[in-house]
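S.K.: If you read the sequence shown in the working numbering, its first letter stands for residue 1, the second for the next number, and so on.
Hints may contain errors.
[Unchecked claim] Below are the BS3-like pairs computed for lysine-lysine, each with C-alpha atoms no more than 30 Å apart in a straight line:
| id | residue 1 | residue 2 |
| --- | --- | --- |
| 1 | K28 | K50 |
| 2 | K50 | K9 |
| 3 | K72 | K50 |
| 4 | K28 | K72 |
| 5 | K9 | K28 |
| 6 | K72 | K9 |
If you're looking for bench data, these hints aren't it; they were derived computationally from the structure. From a predicted model like this one, the values you see are computed outputs, not experimental measurements.
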Amino acid sequence: SFSYRPYFKNARRGEPAQYVGLGVRSNKRGYFFSSPLWLNGDVIGVITVKVNLEQLEQRLAQSGADVLVTDKHNVVFMSNLPDWRYRALFPLSPTAINELTETRQYG
1 SFSYRPYFKN ARRGEPAQYV GLGVRSNKRG YFFSSPLWLN GDVIGVITVK VNLEQLEQRL
61 AQSGADVLVT DKHNVVFMSN LPDWRYRALF PLSPTAINEL TETRQYG
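Could you build the full structure based on these sequences and the hints that come with them?
M.R.: Here you go:
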């Protein structure tokens with residue numbers, strides 16, 4: 001079940017959503033786009049597309065510059081420097097730690 005993921009919850013409420021994290025089944029990083037599936041004014045499902053980030057990361061690495069991309073909690077989710085991935089740039093608040101744990105955003 002994906003019901004604990006924010007992109008799924010938002011789409012079930014009728015709102016499109018975007019989210020970055022590890023895939024529940026694949027355990028691979030991705031950028032998720034979700035949208036509600038409507039029928040007669042009711043949300044009857046969720047449509048989600050996952051974009052693999054590895055190719056983009058490889059292209060960024062070819063630029064010769066060091067690249068870090070962070071989420072809203074300042075956790076690095078994409079970088080051509082593997083040691084930086086999944087590290088917070090600043091200490092995480094208890095609220096952020098709780099959210100990251102509940103959503104299993106990075107595993």
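S.K.: Regarding the pair K50 and K9, is the alpha-carbon distance no greater than 30 Å?
M.R.: holds, 16 Å
S.K.: Measure nothing beyond the straight line between the CA atoms of K28 and K72; if it is 30 Å or shorter, mark the hint as holding.
M.R.: holds, 19 Å
S.K.: CA of K72 to CA of K9, is that 30 Å or under?
M.R.: holds, 18 Å
S.K.: Is the Cα-Cα distance between K72 and K50 30 Å or less?
M.R.: Measuring from Cα to Cα gives roughly 19 Å; hence the hint holds.
S.K.: Given the hint that K28 pairs with K50, does the C-alpha gap stay at or below 30 Å?
M.R.: holds, 10 Å
S.K.: Quickly compare the C-alpha distance for K9 and K28 to 30 Å and report which way the hint goes.
M.R.: It holds: about 21 Å lies between the C-alpha atoms, which stays within 30 Å.
Violated hints: none; the structure is consistent with every hint.
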